[in-house]
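Undergrad: My request is simple: use the sequences and hints to build the entire structure.
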Amino acid sequence: MEIPESDSALIRRCLKKDRKAQFELYEKYKVRLFGLCQRYARSEAEAHDFLQEGFVKIFRSLSQYRADGPLIKWMERVMINRILSLLRKKRMPMDDKVDLQNLPFVQKVNSEPSEKAEAVIQLIRQLPPGYQTVFNLYALEGYSHKEIAQVLGISESTSRSQYARARKAVRAAFQKLKSVDS
Amino acid sequence: MRDEFEKELQDILIGFDRQPEAGAWDEIKWRIQGRVFSFLSPSVFLWGTVAILLGGWMWWQLGPSTPLEQKNKPVPIENDLFRVHTVYSMDKKGEWQLSSIDTVILDEALYAVFKTGRSLFKRNCGVCHAVDMITRASGPALGGITQLRSREWLYAFTRNSQAMIAAGDPIALEVWNKWKPAVMTPFLSLTDEELKAIYAFIDIKTPGDFVPE
Chain B
370 MEIPESDSAL
380 IRRCLKKDRK
390 AQFELYEKYK
400 VRLFGLCQRY
410 ARSEAEAHDF
420 LQEGFVKIFR
430 SLSQYRADGP
440 LIKWMERVMI
450 NRILSLLRKK
460 RMPMDDKVDL
470 QNLPFVQKVN
480 SEPSEKAEAV
490 IQLIRQLPPG
500 YQTVFNLYAL
510 EGYSHKEIAQ
520 VLGISESTSR
530 SQYARARKAV
540 RAAFQKLKSV
550 DS
Chain P
20 MRDEFEKELQ
30 DILIGFDRQP
40 EAGAWDEIKW
50 RIQGRVFSFL
60 SPSVFLWGTV
70 AILLGGWMWW
80 QLGPSTPLEQ
90 KNKPVPIEND
100 LFRVHTVYSM
110 DKKGEWQLSS
120 IDTVILDEAL
130 YAVFKTGRSL
140 FKRNCGVCHA
150 VDMITRASGP
160 ALGGITQLRS
170 REWLYAFTRN
180 SQAMIAAGDP
190 IALEVWNKWK
200 PAVMTPFLSL
210 TDEELKAIYA
220 FIDIKTPGDF
230 VPE
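Listed in order, the protein sequences are those of chains B and P.
According to my numbering, the first sequence is numbered sequentially starting from 370.
According to my numbering, the second sequence is numbered sequentially starting from 20.
Hints are supplied without guarantee of correctness; some may be wrong.
[To be verified] With a straight-line Cα cutoff of 27 angstroms, these simulated DSSO-like cross-link-like pairs (lysine-lysine) come out:
id, chain 1, residue 1, chain 2, residue 2
1, B, 389, B, 399
2, B, 399, B, 426
3, B, 386, P, 141
4, B, 485, B, 515
5, B, 459, P, 134
6, P, 26, B, 545
It is worth saying that the hints were derived from the structure and are not from the lab.
Note that the structure is predicted; figures quoted are calculated from it, not measured.
TA: Printed below as a string of structure tokens:
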């Protein structure tokens, strides 16, 4: 039986440009990071784009990983930074006039955990792009409004108010989803 | 303020279990393993190639002189549009192994053709012919094949090899005698453009020193 390799040994091999090790690292974390990409993207294609860009960045800057935390957290950080710089290029508008009252209804799902996760992702995707990003960063990545303001180039108060509105909308849609589900 | 709602979403999202599509790793791999650099400026490319050549030449001069050492010289193919640099390295048993084939494409248009050819090859040819162009699989290795056969012959054979054999074409019969009873399926729907892309892909992927059988 194969013993799962510790990340540090895997990293060492990756840094030596061991191609099998690079593939192993990808295989080990691809699902988790793909889930992250799905949350920030607005389509399958974009999610795959983010995944590719993020992993390339991860492998190219792997030597900068200082092992001051779990590898996956570092990888997620690198990937998010890459996604944010890609989104910056797309110029996310934060339109106050957007109607967040009624997000499009997400269809009924059964209670499989993976189906639930997919439904939540779809729900988050219904938010307009700027709101989607703020929501992801605050609710799911644990960024502070100050940090969000820095990375998105908006004011802290904008981040706060956008988040409050996004959260309200997501929560309402989520309640609807739960009630349909049960 | 984050509270139970955010926590609930986080818990649900852990259940995500979908895999990215199969080709995703290939795209990442191409980029990190430095196989194709079509977007770099020509001067960066030129100096990079010079550095590689110089390194390879020095290694060749200073290392033990086995016949395989000579194989590290890059060989220009096809109108200076790309260079193929084949690298061998010695494994633990002291045997030379092909370690990487670094292809450098200098032309944007050719890179597009390369990508088209690659996906057509993988979909149509990859079942029987090795994509590294040097390994014998269910079908022969295709590396360097365009140096050996004419384009007209190759296109006709690819589209319908069995018809050519039946019609008595001498080269087709020679190939058939070596490989029967393995039958190459016909690909009648491949257009000239598609065949051109596939053979360009084959040319680019062929290591510089490979001699087809």
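Undergrad: None of the hints should be skipped; say for each whether it holds.
TA: Each hint tested on the structure:
no. : hint          : verdict
1   : B:389 / B:399 : 15 angstroms, holds
2   : B:399 / B:426 : 14 angstroms, holds
3   : B:386 / P:141 : 25 angstroms, holds
4   : B:485 / B:515 : 31 angstroms, violated
5   : B:459 / P:134 : 26 angstroms, holds
6   : P:26 / B:545  : 18 angstroms, holds
Hint check: a violation occurs at hint 4 only; the rest are consistent with the structure.
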